[in-house]
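From just these sequences and the hints, can you work out the full model?
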Amino acid sequence: MPSICFYFQLHQPYRLRDYSFFDIGRDHNYENESLNIEILHKVADKSYLPANKIILELIKKHKKKFRISYSISGVLLEQLEKYRPDVLDTFKALAKTGCVEFLAETYYHSLSSLYSPEEFKRQVNLHTQTIERLFNQKPKVFRNTELIYSNQLANTVQQMGFEGIMTEGVEWLLNGRSPHFVYSPLDNRKIKVLLRNYTLSDDIAFRFSNTTWSEHPLTAQKFSRWIHRYGATADTINLFMDYETFGEHQWEGTGIFEFLKHLPEEILKKKSFDFKTPTEVIESYQTKGDFDAQHNISWADTERDLSAWLSNSMQAEALSKLYILEEKVHSLNNPDILQKWSRLQISDHFYYMCTKHWSDGEVHKYFSPFNSPYDSYIYFINALSDLEISIKKLQSTDIESSSLHKKSRSKKANESEITGTETPIKKKKAATS
Amino acid sequence: MNRPKVLMLGWEFPPIVNGGLGVACLGLSKALAKKTELTMILPKADPDFIVENVDLIGLNSVDINKLKKVKTSKKYKEFASVYTVDSNILPYETPKLNILNSLTDSNIETTLDFDLSQMNQFGKGDIYGDDLINKVIDYAKYVTQLAGKIEFDVIHCHDWMTILAGVEIKKLSKKPLVLQIHSLEYDRGGPQSQGWVFQLEKYGMQQADFVVPVSNYTGDVIKEHYKIKSEKIFPVHNGADTVETYREEKPFPDKLVLYLGRITGQKGPQYFLDIATRVIDAYPNVRFVMAGTGDRLKGLIETGAYKRIGNKLHFTGFLSKEKVRHLLAMGDAYVMPSVSEPFGLSALEAAQFGVPCVISKQSGVSEVLNSALKADYWDTELMASHIISLLKDDTLKKKIVQEAYNDLANSTWDASADKVCKVYNMAMAGV
Chain A
11 MPSICFYFQL
21 HQPYRLRDYS
31 FFDIGRDHNY
41 ENESLNIEIL
51 HKVADKSYLP
61 ANKIILELIK
71 KHKKKFRISY
81 SISGVLLEQL
91 EKYRPDVLDT
101 FKALAKTGCV
111 EFLAETYYHS
121 LSSLYSPEEF
131 KRQVNLHTQT
141 IERLFNQKPK
151 VFRNTELIYS
161 NQLANTVQQM
171 GFEGIMTEGV
181 EWLLNGRSPH
191 FVYSPLDNRK
201 IKVLLRNYTL
211 SDDIAFRFSN
221 TTWSEHPLTA
231 QKFSRWIHRY
241 GATADTINLF
251 MDYETFGEHQ
261 WEGTGIFEFL
271 KHLPEEILKK
281 KSFDFKTPTE
291 VIESYQTKGD
301 FDAQHNISWA
311 DTERDLSAWL
321 SNSMQAEALS
331 KLYILEEKVH
341 SLNNPDILQK
351 WSRLQISDHF
361 YYMCTKHWSD
371 GEVHKYFSPF
381 NSPYDSYIYF
391 INALSDLEIS
401 IKKLQSTDIE
411 SSSLHKKSRS
421 KKANESEITG
431 TETPIKKKKA
441 ATS
Chain B
9 MNRPKVLMLG
19 WEFPPIVNGG
29 LGVACLGLSK
39 ALAKKTELTM
49 ILPKADPDFI
59 VENVDLIGLN
69 SVDINKLKKV
79 KTSKKYKEFA
89 SVYTVDSNIL
99 PYETPKLNIL
109 NSLTDSNIET
119 TLDFDLSQMN
129 QFGKGDIYGD
139 DLINKVIDYA
149 KYVTQLAGKI
159 EFDVIHCHDW
169 MTILAGVEIK
179 KLSKKPLVLQ
189 IHSLEYDRGG
199 PQSQGWVFQL
209 EKYGMQQADF
219 VVPVSNYTGD
229 VIKEHYKIKS
239 EKIFPVHNGA
249 DTVETYREEK
259 PFPDKLVLYL
269 GRITGQKGPQ
279 YFLDIATRVI
289 DAYPNVRFVM
299 AGTGDRLKGL
309 IETGAYKRIG
319 NKLHFTGFLS
329 KEKVRHLLAM
339 GDAYVMPSVS
349 EPFGLSALEA
359 AQFGVPCVIS
369 KQSGVSEVLN
379 SALKADYWDT
389 ELMASHIISL
399 LKDDTLKKKI
409 VQEAYNDLAN
419 STWDASADKV
429 CKVYNMAMAG
439 V
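Going line by line, the protein sequences match chains A and B. Counting in the numbering used here, the first sequence runs without a single skipped number right up to 443 at its last residue. Counting in the numbering used here, the second sequence runs without a single skipped number right up to 439 at its last residue.
Rather than coming from a laboratory, the hints here were simulated on the basis of the structure. Check the hints yourself; a few may be wrong.
[Stated by the list, open to error] Below, a list of computed lysine to any residue pairs in the SDA-like style, where the Cα atoms sit at most 20 Å apart: (1) A:K73 x A:K271; (2) A:K403 x B:P259; (3) B:K315 x A:L320; (4) B:K258 x A:S400.
Given below as structure tokens:
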């Protein structure tokens with residue numbers, strides 16, 4: 011019985027402001043708060059709210075046969091809690107249906123899995139706790155930032171207690187095998203890997219409104235026909251995409267919401283098909299073999315590797331200078347510093363620095379303070395420098411206060427010595443008087 | 009003694025300033041106005057910007073009906089027969105030109121038809137930017153006409169943009185021409201430069217009665233590279249306007265080392281990165297700022313990251329005067345690693361703000377700031393060790409700063425103007 015497994019990604023970063031050299035040491039606010047709020051409202055109204063409404067209706071309409079999963083970054087959850095609790099409520103309502111699974115990820119949608127196992131675990135735990143608090147679910151399946159994945163990561167995640175992990179169904183690792191089965195990492199059968207069918211996923215996420223695409227317009231009927239072709243040869247067809255596909259990447263006018271509304275009934279027309287959440291897929295199907303990822307893969311760009319975040323010297327420098335602070339940040343035990351450092355880990359910052367598709371002619375002789383990977387790097391590194399300075403200051407006050415403490419103790423000792431010496435004088439005086 | 013009547017041809021001028029030329033022209037003309045009767049023609053002047061005793065004329069606001077047509081020389085036509093340049097060039101960056109098209113006499117018409125109605129176009133757009141060469145040619149056309157209405161004893165022009173006009177006026181008026189050189193194609197493009205601008209510079213210096221470079225360094229370049237006779241070269245250093253300076257405490261404990269200027273090959277920004285890397289190795293509590301913009305910026309940002317000094321190397325892009333001063337007020341050292349710098353006014357400004365300077369020997373300002381620490385631009389090891397000494401040794405720093413104040417006391421625009429007046433007198437006497 012082939013299953014359709016939907017997972018929708020939701021994330022909105024804290025974008026940085028044009029943080030100049032002159033701000034360093036003076037202004038410790040790195041973020042463009044008004045822009046972040048503006049985008050949050052836009053995407054909430056255009057995408058999250060209408061899409062959630064449809065999903066809830068579909069679950070009711072199909073009597074819980076329509077089942078999906080979400081991965082919502084911690085930084086988006088906290089922004090929703092602060093600015094759009096109404097949107098958060100609709101997710102809570104979905105959680106209560108029992109048809110919606112919430113996945114675990116790094117709270118800060120970070121690249122910490124590449125730099126620090128400890129930091130990675132801290133962020134996953136923080137995210138898991140947040141999911142439990144908000145949705146009353148303990149995540150069993152993990153998905154890493156932008157589906158970054160390797161054997162090593164799968165082992166780490168398994169040791170943390172997760173039963174499943176998602177990644178991209180890259181062809182060079184499948185070696186002709188189908189992504190429509192459950193696999194396991196090399197030498198580890200304790201965790202299962204769900205692989206994204208990127209063709210079918212991107213038909214919805216990227217090509218849906220592309221009028222030059224030969225299959226345009228894409229209807230729920232047509233898409234279901236494609237799905238049904240795999241009837242005899244699939245356990246699970248994994249459709250993973252950004253949730254913003256609905257209403258934001260693909261505008262309402264493209265018919266994307268209508269597509270979503272009709273998709274479940276079209277797919278369910280063939281009785282052998284059903285919808286399952288990732289955990290249900292893992293529990294229902296056996297591993298079909300090894301998925302051996304010696305090197306990191308991801309769902310980003312045509313390369314499907316780390317190059318979106320880590321292909322030029324600016325990205326490498328920004329990331330290494332950020333993670334080098336880890337020990338210092340934790341030793342300070344200062345919530346504000348920890349939050350600033352954590353938010354600088356949001357992977358989007360490094361994505362903005364990518365020069366892969368940047369045509370050289372456009373960067374040119376004039377330094378435009380906007381819209382270039384170079385600016386993104388400059389503002390990031392300035393903010394990071396400010397954080398370094400704040401950390402240094404706090405460290406030195408820590409040292410000072412501890413040495414002050416010592417001093418005051420020794421001062422007290424001196425004082426008592428003085429009082430000690432006074433007594434004989436008094437005595438002397440008393441003796442002379 | 010009668011005050012000489014000077015017709016000065018300028019290009020950039022405050023408040024429209026791109027580099028050192030405008031600043032130098034203002035400083036010098038203010039001082040000259042005390043000793044001469046000065047008329048200055050600019051492509052574009054802001055009517056609200058008034059300099060005491062200087063008659064400022066911007067082509068953007070001249071009454072064209074008062075002008076008459078004049079004939080131009082053969083040489084003018086050669087330089088003017090350049091096709092539209094389809095590139096955005098700046099006079100102080102290297103123009104990439106391959107359009108020198110010196111036509112032979114046979115196919116040139118005897119007079120060029122001037123469309124005077126276009127003259128006020130200088131009020132629109134940038135004085136540099138697209139099509140600069142045509143702007144330079146047009147400027148020469150209009151200024152030549154305008155000069156017929158003005159009484160003067162000597163012509164004083166600045167750099168290649170005004171050379172064509174200066175030579176034309178000399179030919180028509182038979183008045184002596186003094187050509188001041190602030191920057192050369194040699195500096196911008198290196199010793200191999202041979203293009204249209206280079207030819208124009210050479211022609212101008214040949215035609216001029218006297219050439220006034222802003223330093224001995226540039227005087228030597230003019231002699232050796234442009235083959236101009238040393239008898240007519242009279243270097244006059246720039247001065248420094250007195251400015252209100254201040255010091256400001258940095259909001260961080262690290263020392264601050266500054267680079268201010270265009271980020272182009274001429275200014276040696278790549279050497280600055282080498283220097284920074286060496287300094288950070290020896291003295292980690294330091295930050296570097298590169299203020300300015302230019303064609304090397306992108307590569308430098310990447311190289312700084314590659315050298316793993318990104319978190320100590322800050323780029324600001326182009327800065328306003330106020331922001332530049334803010335930087336200077338916080339700076340602990342100023343570095344100018346220019347490959348070829350005719351003068352380098354920004355070093356004087358740094359010295360005024362009490363920032364000790366480390367400058368390349370290939371600069372004019374090194375002749376004025378005797379106290380500054382110096383090295384060849386390629387000797388990044390010595391440059392770095394100079395900076396490290398300044399950062400570590402407060403006594404040395406104070407000494408350098410103090411001595412620079414003494415040097416500055418002698419570097420006034422009045423002193424520069426006196427020397428320029430001597431050149432005028434020689435020119436008018438036909439020496």
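Hint by hint, here is what the structure shows:
no.	hint	verdict
1	A:K73 x A:K271	holds, 14 Å
2	A:K403 x B:P259	holds, 11 Å
3	B:K315 x A:L320	holds, 16 Å
4	B:K258 x A:S400	holds, 14 Å
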